[in-house]
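Respectively, the protein sequence lines represent chains U and A. Using the working numbering, read the first sequence as starting at 1 and increasing by one per residue. Using the working numbering, read the second sequence as starting at 1001 and increasing by one per residue.
Treat the hints with caution; some may be incorrect.
[What the hints assert, rightly or not] Taking beta-carbon pairs under 8 angstroms as the criterion, some of the chain A residues facing chain U (in silico):
(1) Phe1050
(2) Arg1054
(3) Arg1299
[Said to hold, decoys possible] Listed below are several chain U residues computed to face chain A (Cβ distance under 10 angstroms; list not exhaustive):
(4) Leu78
(5) Ala94
(6) Leu100
(7) Arg133
(8) Pro136
(9) Pro138
(10) Arg141
[Said to hold, decoys possible] Taking lysine to any residue pairs in the SDA-like style, the calculated list, with each CA pair at most 20 angstroms apart, reads:
(11) A:Lys1124 / U:Arg158
(12) A:Lys1249 / A:Ala1442
(13) A:Lys1051 / A:Asp1019
(14) A:Lys1051 / U:Arg158
(15) A:Lys1051 / U:Pro171
(16) A:Lys1222 / A:Gly1330
It should be emphasised that the hints constitute simulated quantities derived from the structure, not laboratory data. Virtual Cβ for every residue (Gly too), placed ideally from N, Cα, C.
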Amino acid sequence: MRLTPSQLMHSSFSDLDEAPAETIALLVAQIIYEASPASLRTFTSLLLDRTLRLVRQGARDEILDEALAVSSGISGDLGQALLRRSRETFGAWALLDQMLAEAGRRSDRAAVPSILLGSRGRGQAILEFLVGREQPVPRSRIREELKLAEAQLSHLLRDLEEADLIVRFRPERGGREVLVALGPVGRELAAKEMLPVWIERLAALLQRVAAGDLPDHVAMARELAEAGAPSRLAAERLATGLTQAAAAVVERDATGAVPSEIPIERRRKQIQYIEQLEAKDPHYEYTRSLAQPPRTQWAS
Amino acid sequence: MLPTEVLQSRLLERLYALDHEIPDQSFVLIWTYFDKIGLGHTENEVRRLFKHPRNLPAYRPTEPWPGSHEAFLADLAALAGTQYDLLALRWLITLDQRLNGASADRFPDLFWPGLDDNGYKIRKRNNYISSYSVEARQGHSLAAYTPFHKAVPVEPVKGISIDSRAQDNWGETHRAQGNWGETHLHRRLLAERRRLQMMLWPLQTVLDYPALDALRLPEPPKCVRLDQVRNEPALRTEVLQALETAAAKKVTMLILPELAIPSQTEAEIRRVLASHGKNRHPILTLFGCCHSPSGAGGRDVNEAVLLGPDGAVLHRHRKLTNFNDGITVGEDVLTGDVLTVLESPLGNLTPLICLDLINSPLSEIIRLSHANLLAVPSLSPETLAHRNAAKSFQVSNQASTFVCNRWLTRPGSPEEEEKLTSFYQLAKKDGYRSHLPRPKDADFLLFSLSG
């Protein structure tokens, strides 16, 4: 798939909102090399919206495919070209890529869904019953609360235990009642049901950035570090990514939507302005020579 | 070695002196304590009380972190003997989980002192295959209790250093030397969790090395230099067939044997992969190069090359051990001194070459490392020792081992075939499958995680 020069010029990517990640992957190279600066910002806004939607609601496969598409734009020659063209856009895409990868990494084990969904989802019900309980739960209580037959409960607990979703044991100081608690995989899975706090916080900050409200860099880094970002350095880098993203996206209209089209007259003026800048300064950031010079196409 | 009681009191002393907000230091101290004393009686106690290591619960005092650390120390100080060890082990599980939750990314250049005063870095295990397997949590090693992290020595051990190559660390270009592969490659490997496939292609072509002619002389040489192959066109045809099949089957990693690829065929492999671009399979290709000059002192090297999807060289592993047993024909090569662990979303990939897997001083270093996805091109008249080593790493590192083996000649009898097997040994109880190089058998052995 290729975009027409008109699409690249008028920044109209609204039809790509719900497009599959494969389509985005096909367009990334063309956008980096050929799109106008304003179109690049619009496309980044589109990626930002898609990322927020996927991270909050997307299935694992969708998230992983989107991560593949975005990461292709920040790796290798394409990444170098994007970096040369717009450091802010590169930073914004790198931020979105990290977010998607982190969400995708929280993937469940292939064997686990079938165990949880088996027996009409009762495995899932047991796991949910155990989530958030600090203390192990007596086996009899699970049977009573979930109204399960003894034979069925034994069968379910065995399957869950074999997958390390739960553990069963007797109390250390005697007692006949078998206790049940989340196992290592169960704990991990329970944590994955929700995104980690720092990703939620990052998504909220990204939402603010998209709306044109950029918080203070230091405050963002502190907020992310306190929310449990992987490290202080990572929090710092995420804050830098957010700052760059603010410069790499377009201004929204009153409804918060990305403007679908920039008036042609304004675009012409922008091109003229960039040409003037280039004439004055050959090292102007947005007009350094790229593999395929975009300006000739904007003018067509 | 110091008596256990002395080590216990030393551990307690060191734990009291720590900044409790940083779980890393406690993890390293307790890790090195158990590494020194072994699990022994503690594991017996675990089995007696909980039947299986996986049932051993983490220790969770009621106080929130970091107050819980002080509560743990107060409880630990009141105990002795096996009960002391059991509580320390449960706290190690707590720390492993806490490290996983609070601080997911640990940079390769941060390290902490262990109980033996040596430096240790904490690395993530990233063991996707093991975590997939429901049988993986066997005992006899700390790997059964700390599935997420491992403390790895910083200083070289017996002259071999463990080099951790991290995945992309938040776009840290200034630390590029500590990373491997591009971001997109790691995202592709992450996405491969949906369909991980490893292909072992031991090559049916009998390689005609000119150097082996000398073995027919009345006084054959003890060492040979396998740098060329007479029937290279036939070899190249099969290698290209392997690449095509791997692409068609969407194989994540293709492994070819040791000393099988002369320089011209290597260039051809890279050319074909370059024509594939970055989005096709195989994502990784590992093969053993023929002997080639090192440029240092005129000696040869025996290397395994790891290529990316577009043919770019991601890593060159120099064989760490010289094969020269005095019985079969040997080699005289300049050996390497680095065990490289390439951390990836699928596991900590460690390319080795044949004898590296079964050499006994090196086994100890692999055990100390966080390697758990061992990819081994091999050229050996039998692979029983390889399988025993794979089983041992299955326990110590919960490692999955993939050995692609061939020998200089085609086997003449079924007994010889049995010895020559390529195989994989997964980090699970029944995760063994082998491939016999019979002409009737398939050309390759394929492992697929989705079954």
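Hints, one by one, checked against the model:
1. A least Cβ separation of about 6 angstroms between Phe1050 of chain A and chain U falls short of the 8 angstroms threshold, and the interface hint therefore holds.
2. Because the closest C-beta pair between Arg1054 of chain A and chain U is about 6 angstroms apart, less than 8 angstroms, the hint holds.
3. Against a cut-off of 8 angstroms between C-beta atoms, the interface hint on Arg1299 of chain A is violated, since the closest Cβ of chain U lies about 35 angstroms away.
4. For Leu78 of chain U, the shortest C-beta to C-beta distance to chain A is roughly 9 angstroms, which falls under 10 angstroms, so the interface hint holds.
5. Given the 10 angstroms rule on beta carbons, the hint for Ala94 of chain U holds: about 5 angstroms separates it from the nearest Cβ of chain A.
6. Checking Leu100 of chain U against chain A by beta carbon gives a least distance of about 8 angstroms; that is within 10 angstroms, so the hint holds.
7. At a threshold of 10 angstroms, the smallest CB-CB gap from Arg133 of chain U to chain A is about 12 angstroms, leaving the interface hint violated.
8. Here the hint on Pro136 of chain U is kept, as its CB sits about 8 angstroms from the closest CB of chain A, short of 10 angstroms.
9. At about 15 angstroms, the closest approach between the beta carbon of Pro138 of chain U and any beta carbon in chain A exceeds 10 angstroms, and the interface hint on this residue is violated.
10. Because the beta carbon of Arg141 of chain U sits about 18 angstroms from the nearest beta carbon in chain A, more than 10 angstroms, this interface hint is broken.
11. As the CA atoms of Lys1124 of chain A and Arg158 of chain U are separated by approximately 29 angstroms, the hinted pair breaks the 20 angstroms bound.
12. Restraint check for Lys1249 of chain A and Ala1442 of chain A: the C-alpha separation of about 14 angstroms stays at or below 20 angstroms, so the hint holds.
13. Proximity of Lys1051 of chain A to Asp1019 of chain A is assessed by CA-CA distance (about 35 angstroms); at most 20 angstroms being required, the pair is judged violated.
14. For the hint linking Lys1051 of chain A to Arg158 of chain U, the alpha-carbon distance of about 15 angstroms falls within 20 angstroms, and the restraint holds.
15. Under the criterion of a C-alpha separation no larger than 20 angstroms, the hint pairing Lys1051 of chain A with Pro171 of chain U is consistent with the structure, at around 13 angstroms.
16. Annotation: proposed proximity of Lys1222 of chain A to Gly1330 of chain A holds, straight-line Cα distance about 6 angstroms (limit 20 angstroms).
Hint violations for this structure: numbers 3, 7, 9, 10, 11, 13, all remaining hints satisfied.
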